[in-house]
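With chain H's structure known, arrange chain D on it following the hints.
Chains as they are written, first to last, in the numbering used here: chain H, 3 to 429; chain D, 3 to 429.
Any given hint might turn out to be false.
Pairs count within a copy or across copies, as identical chains cannot be separated in the list.
What the hints assert, rightly or not - Under the rule of at most 27 Å between Cα atoms (straight-line distance), these lysine-lysine pairs were calculated in the DSSO-like manner:
| hint | residue 1 | residue 2 |
| --- | --- | --- |
| 1 | K359 | K269 |
| 2 | K195 | K321 |
| 3 | K31 | K57 |
| 4 | K6 | K24 |
| 5 | K50 | K31 |
| 6 | K194 | K7 |
| 7 | K31 | K53 |
Everything labelled a hint here was simulated from the structure, so no lab data went into it.
Protein chains: 2
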Amino acid sequence: MKDKKEEFRQKAALLDEADPLKDFRAEFKTSSDLIYFDGNSLGMMPHKSEKAVRKLVSDEWGQRLIRGWNDSWWNMPQRVAARLASLLGASEDEIAVCDSTSVNLFKLVSASLARQKGRKKILSDNLNFPSDLYVIQGIVESLDDGHYLELAETKDGISIHDDELIKRIDENTALVVLTHVSFRSAFMYDMKKVTEWAHNKGALVIWDLSHAAGAVEINLDAAGADMAVGCTYKYLNGGPGSPAFLYVNRNVRNNIISPLWAWLGEKNPFEFSLDYRPGEGASRYMTGSPTIISMSTLEPSLDILLAAGMERLREKSLKLGRFLVEMYEEFLVPLEFRLGSPIDEDLRGSHISICHKEGFRICKALIDSESGRYEIIPDFRPPENIRIGLAPLYNTFFEVYELVNELERIISQGIFEQYDTTSESVT
Amino acid sequence: MKDKKEEFRQKAALLDEADPLKDFRAEFKTSSDLIYFDGNSLGMMPHKSEKAVRKLVSDEWGQRLIRGWNDSWWNMPQRVAARLASLLGASEDEIAVCDSTSVNLFKLVSASLARQKGRKKILSDNLNFPSDLYVIQGIVESLDDGHYLELAETKDGISIHDDELIKRIDENTALVVLTHVSFRSAFMYDMKKVTEWAHNKGALVIWDLSHAAGAVEINLDAAGADMAVGCTYKYLNGGPGSPAFLYVNRNVRNNIISPLWAWLGEKNPFEFSLDYRPGEGASRYMTGSPTIISMSTLEPSLDILLAAGMERLREKSLKLGRFLVEMYEEFLVPLEFRLGSPIDEDLRGSHISICHKEGFRICKALIDSESGRYEIIPDFRPPENIRIGLAPLYNTFFEVYELVNELERIISQGIFEQYDTTSESVT
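Bound conformation, chain H alone:
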């Protein structure tokens, strides 16, 4: 057992040494006593983003004041959209950076249903992030005209077979709304396959990319995607509450109209026309004034991702995952851990859920720096999921090695028993 552990330690060292992305870790604020596996929830802070916010606040707001809008803020959403377009295989005019994921989803679901008259079913699944379901439920409730939400159901709590989903898409299906990479298990749909099937049946598809953008290779245009939304604070490292984005394929956008019209989506806001005239491309889906301070992190943070390249990032993510699964099988299975994510890499995003009936207390022990040599930060999602976000820009193989060591120690030495199950949530 000891020898086996040493083998993995050496392997981790070799993998880190050979990692073509190893220098990117230095772009982030890290700490030697912190191991951070929650980049799937809130990405680490790029040094350049910290500088960008400081400049924006102290120099631009503080000194340029209102002139900041003409200097640089006005076009900031477009500059960010251009970077997201590169990252997601889209054109700049298909992306708008605005609002939150939920508000963007609201716009696109509402717009889609208005176009798909006569079709009453909205299909999603019970692995979806609840907020996405709430958005649909609110729209169904407010329309009150026979629209309904149907959920494909997971059998194992981890995944839903494409065929299981696809067989529910029929001539009555207006819209399919799916999270590309599931928040709990990291299960990933085949975007192209689902989209093609939906199109065959005359349905539109909206993808939530929140756990996918920056985590897996995405090519929206090539997949024939209709629409997508997503947040920027997970693998895109935008900071807490950085603004969301939406994507509307060129082929779709002239056929759908969001019900949410506002001045940033207007053709020329500073003409102050009393009648709304939609702006060009995806910019028409913008609404109120952009949250400039929160948005100022995104140009530098996306530039880091673009410099690393999604192909290399995905490759490293898979390697990190493979290494974690190998160690899990060797050391954690005997301690009653189970995998809460698909074992098949093609069906998995960039986080891995490891489940244990004591998951909540184990998470607390990991985080508590007094229980070990590090603060190790994953997060917990009920009922039993310890989510390990593998962020290839900054996570190392050695960190994975140390995580498994700690998980083993926390169980085998009963360390988790010091923690209670009732206190505040572990986000």
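Just chain D now, kept in the frame of chain H:
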């Protein structure tokens, strides 16, 4: 003329000396060669807000990472709401801090119309900020069931008599949507009078407080207001794109349901319930993840306003306005300037529009530091409005004196003629 000018100079000095709020200017980043009269568009930066953003980014995001949510971010919207409640005469549970003004207006207009079944008219006016009209137009278009927007019209481009507005409120009126203080002229409605009349006719009223919050005394509960929205980056000094707020009176909230449901408005988001259950009070109107970095400016900036007190702020605002009008009458009327705001103080917010057919070029000359001793920053709103935002927290009587001097000099010496009328907008 010279003596008269000197008289005003001395008066300005005396007024500044006697100003009980004079120490508050030191709370803001100012510059001796800048005179800033655009606080009605983007407020100046409080030093404490600059510190708060830096702490949030460098210490909280940078070091605490995801733990920041439990440490302090999760309750930030509520902490800001509590301060806004104090400022606006409301209870904490009637205010939510979220999204943009336009998105919040969308939620409340949609919710109101769903309740006011059978009533088809939405009343507003043509002084309203266009984005508010766009929001209504988008909803009318998407409902497509006979709802329509009717606009009361201004006769003088400055104001609309309460009676002119009120006579259009009838038994078919679902909703009245008005900006409390108009963006162009600063014309201010009597909130209580309009609300009472609307209630007599069974209509609901939504107020946009963007140009009113922090500028005039507002007591939402006492006025019997139903609903309100507003931004925080003008007189509330939240910085570019800081998040907006909404108000829903306790008496109304159980009768209206926003169509926009999302996880921050859910009863317990971290239970991840698949079915939406509305949260308590106004928090149910929250949607996606709060824009924490952009929101982090607001606690300190609102604390400054609360320390100064709205009564004293309004008093100083009126004194600044009176002084500006006196100098305008003496020096600017002869140069073909006109007042673009109500002369009656009870009908006016905290900015004053001064109109001139060369308004755009005059604005450019004011801003250009090479044309005078200062950069003087007002803003311009077509067709001819030079808006002078009087922010009582930091503007001085001497600044008003210097502004009028410069306006006089720019016209009488023909300085404005160096500037063209076609280049980029003056925001």
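For each hint, the structure was consulted:
For the identical chains of this complex, K359 and K269 are inter-copy neighbours only, at 26 Å across copies versus 55 Å inside a copy, given an alpha-carbon limit of 27 Å. Proximity of K195 to K321 under the C-alpha cut-off of 27 Å is restricted to the intra-copy arrangement: shortest distance 25 Å within a copy versus 68 Å between copies. Taking CA atoms no more than 27 Å apart as the test, K31 paired with K57 passes in both settings, with 18 Å inside one copy and 14 Å between copies. For a Cα distance limit of 27 Å, the shortest separation of K6 from K24 inside one copy, 25 Å, qualifies, whereas the shortest one across copies, 72 Å, does not.
In this assembly of identical chains, K50 and K31 lie within 27 Å of each other by CA distance both inside one copy and across copies; the values are 10 Å within and 24 Å between. Proximity of K194 and K7 under a CA criterion of 27 Å is satisfied in neither setting, with 41 Å inside one chain copy and 74 Å between copies. Proximity of K31 to K53 under the C-alpha cut-off of 27 Å is found in both arrangements, the shortest distances being 12 Å within a copy and 19 Å between copies.
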